[in-house]
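Build the complex: two chains, separate frames, hints provided.
In order, the protein sequence lines correspond to chains S and U.
Residue numbers for the first sequence follow this note's numbering, so the first one is 1 and each next one is one higher.
Residue numbers for the second sequence follow this note's numbering, so the first one is 1 and each next one is one higher.
These are calculated hints, taken from the structure and not from any lab test.
It cannot be assumed that every hint is accurate.
[Stated by the list, open to error] Under the rule of at most 20 angstroms between Cα atoms (straight-line distance), these lysine to any residue pairs were calculated in the SDA-like manner: (1) 364/S with 398/S; (2) 38/U with 93/U; (3) 14/U with 51/U; (4) 89/U with 214/S; (5) 38/U with 281/S; (6) 38/U with 280/S; (7) 38/U with 1/U; (8) 38/U with 187/S; (9) 89/U with 210/S.
[As the list claims (entries may be wrong)] Taking beta-carbon pairs under 7 angstroms as the criterion, some of the chain S residues facing chain U (in silico): (10) 7; (11) 13; (12) 221; (13) 224; (14) 225; (15) 251.
Backbone N, C-alpha and C define an ideal beta-carbon position, used for all residues, glycine too.
Here is how the chains run, residue by residue.
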Amino acid sequence: MAEAARAIEAVWRIESARLVAGLARMVQDVGLAEDLAQDALVAALEKWPADGVPDNPGAWLMATARNRAIDRMRRESNFRSKQEEIARETGALFAMERSDFEAAADEEIGDDLLALIFTCCHPLLSREARVALTLRLLGGLTTPEIARAFLASEATIAQRLVRAKKTLREARVPFEAPRGAELDERLPSVLEVVYLVFNEGYAASAGEDWVRRDLCEEALRLGRILAELAPREPEVHGLAALLEIQASRVGARHGPSGEPVLLLDQDRGRWDPLLIVRGRRALQRAEELPGPLGPYGLQAAIAACHARAIRPEETDWVRIAALYDALAQIQPSPIVDLNRAVALGMAFGPEAGLALLDEIEDEKALANNHLLPSVRGDLLEKAGRKDEAAAEFKRAAEVTQNAQERALLLRRARTASTSTPSRGKS
Amino acid sequence: MRFMMFMYPEIEEKDWGPKVDNVEEVAAMGRYNEELRKAGMLLSLDGLQPPSEGGVVSIADGKATITDGPFAEAKEVVGGYWLIQARSKEEALEWASRCPAENCRIEVRRVFEMEDFPQEVQDAVEENFGG
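Chain U on its own, in the form it takes in the complex (with noise of 0.2 angstroms):
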């Protein structure tokens, strides 16, 4: 089974990613990434840049619009993911409590997979939309 794992940083926009008074982290993220890698487990990862460098797209009632946010406080917001391969839930879980970080929470979410899907509701989509 597959497991996201989002990283939200407790750190300010202005402190965001790496930099030279933090490289002892960054390295330390470097091995800690390297020993998912060598268990096998690791599927892929990547760090975001800070929201700014992005934007919001809201859809009410189909309709989409675009805004430079609002932006949820900065502990609401992502900072980067690993996508990763474990046998349990609590595998996930121990993995992401070994992250090198010194402040920071990990949401862990289960992704869903092709069986994961009823039968029936695969096949209402084959039917009615195609395959």
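With the rest of the complex left out, here is chain S (with noise of 0.2 angstroms):
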């Protein structure tokens, strides 16, 4: 029975999100279209254990849903205008089959699932909402799972959850994808999502729990859900890009016991062919579409730059530094900027890139951060400067919040006066 049970949740979690995403377009409310799907989860856990799983199990939980519609509409008072709208509706469900659902599909905009994600990604959402909302309706993560995979109590991703739900009821969102400008506006706050997703499993260290590391695929498999449903962003083929190649390092990025390994000191043949490839080739759809790379493109280019070179030694620093400089022009920031500094002190020399460190050393953002005096330090070491290098590992270290990292910058405090300059990392 228990084989049973799990047979369902895996179909349920195949058809779930074009189960809501159909229900949607027809009740024009998605609270109301997952509880109509729950509905039919609930009928087809009491039906298949006993009858078997249906030859075409998306087809019978729509119809069960669509059933469950209507009876719902009956107990209400409202109940004849509504269920005509609903009857309209159904005629053309009737004849909806599998086939159908992928020829919707095909349909850049207008198309259920993305007009489903989009209404997830909703801007008159908080962050969190959309993150919780997108999991719960397009990944078909239950309540508690979300609860673990964020550290949260379940009670506060449930009222979350609720009232996601009522917000874009109580604003009349209309349930479809938004088209041209609009699109353009709506986009980056999907990938956002997406990405959030993405840096919250990659977040989790490897003794956590399932749920939480899984997110990653599941940011991946959104992504590349994604790039099918709106072929013609490059974002989204960018993004898509950007977390297959940063995927592809999940497997190099600990240490024995767990301790995080920078970037250039991981062993490379670890990093996951498979995944560069693909994120290769996602890179290159973001590239041959009209218009420039956008800041998810960029990254993901920057990531190619490292994923090509075999060995450390044999990174493209100068095209890396191009890159930070683009992604400083388009989405400029303090961090972006730090990035460029130790791209063009690879590229150009330590002198380049300090240079650049003066100009940004008054950023608020980064007061009280380890992060700048920790790449100034490494820049000094390398010209040789070794006693500033020293006093800017001390002071790095006097900031920082994380003791590994303390204890590390401590130690590179005391090697910088005393060794020859060592390689440096970013």
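Here is the structure:
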């Protein structure tokens, strides 16, 4: 019986997003659509263990949910007008089989799934609400799973989901994917959600709950789905590329006792070649589309530069510096500048990097942050200015909150003043 | 997690591969692959040429011998594979059961990943044979 339940859960994971999307188009309310889909799941859990999984489980779930919709409407007072509305929609749904779902997905815009993604990531919702709703309705994750993944209580996540659905209902947000200028405006919010999900999984350490680590794979999946649904948007491919390449390093970025290993020190033999190839292909798709690369595409291009280098010494730092230049133009941030300084230092010598650091040293966002002094220390050390380097590392050690990092910085402060320059890291 | 789905078609070698009289099946398979791709699950896939286009290497006591065969029975021969990302074994099995082939067997196997190697094995490899 437990086996049957797991098989049904697997079907649910595959079908739930399309089911909720199709129902939401019909009832114009994602909250109600989800309830209807859940009703269908309950019915499946009652029926399938005895009768077996039907040949087209997606169609079965849809037909069941549709009937539940009509039942529910019957119990409501304003039943007649809504029933007619649904009956109209049902006519079209009746004929809808899996191949029709597929045909519908081929249309870039106006597609149910795409509408569901954009609705879950609606700008009316907080970032946390968008993430939770996306994982719930597109990932098919349960509330307890989302709670475990985000190290939050079930009550918090449940409340977040209820509020999000209420907000959408009260604002009467139409269930549709935006077009034209509105699409450009709202796409970043969707991409951000996928990237946040990925980073949450990426931040999880090896010993943590699998649900949490699986967030990376879920984000990859969402990124690939988006790339199929909106193939003409370069940033969609840029994000997919960035995620594939970053995910390729998952097996290399922790040492035996769980300590983080910096990019240039990673064992590149542990990078996943399949994900690198997939990432480079996605980046190529982004580059082939008209227009310049956006922030995700540029970050993917930087990641691809690292992926191409078989040994760290072969890294094309000149190109990376140029890509950071472009990124700093379209999405200026102190962190981008810091990375740019590292790249400039690697490409053209430490003085080039130090010159940029001088420009950004008054940046408020970097005050009380160990990154600026530690990058400066690294560049000074390479320039042979050892005492200054040691002073910077000490300064960095004073501000960092992380004990492991402090120990590392103090060690570097000691070696900087005594030894020959060592290889730097970004 | 990743799963490799090996497909064993139940056909004779002479009927192997895309043919004019099975375009319908070829098209259905294309739609199935597309569905996997759209679900964000598909990592890679390939269809394999018949066994006669390859060969067999047998290794006994560390010594390799190349032969043209013998091949196992037709239904023991892999015809192609899909490498997919799935969230559970059950999900991978569900996807495999949606394959539109008329007659075949699909073996679904979970792929070893880095973290499936116990830390002591990783350490021993690192120590004795370099990184």
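Problem set entry | Unsatisfied constraints (hint numbers, rising) | none
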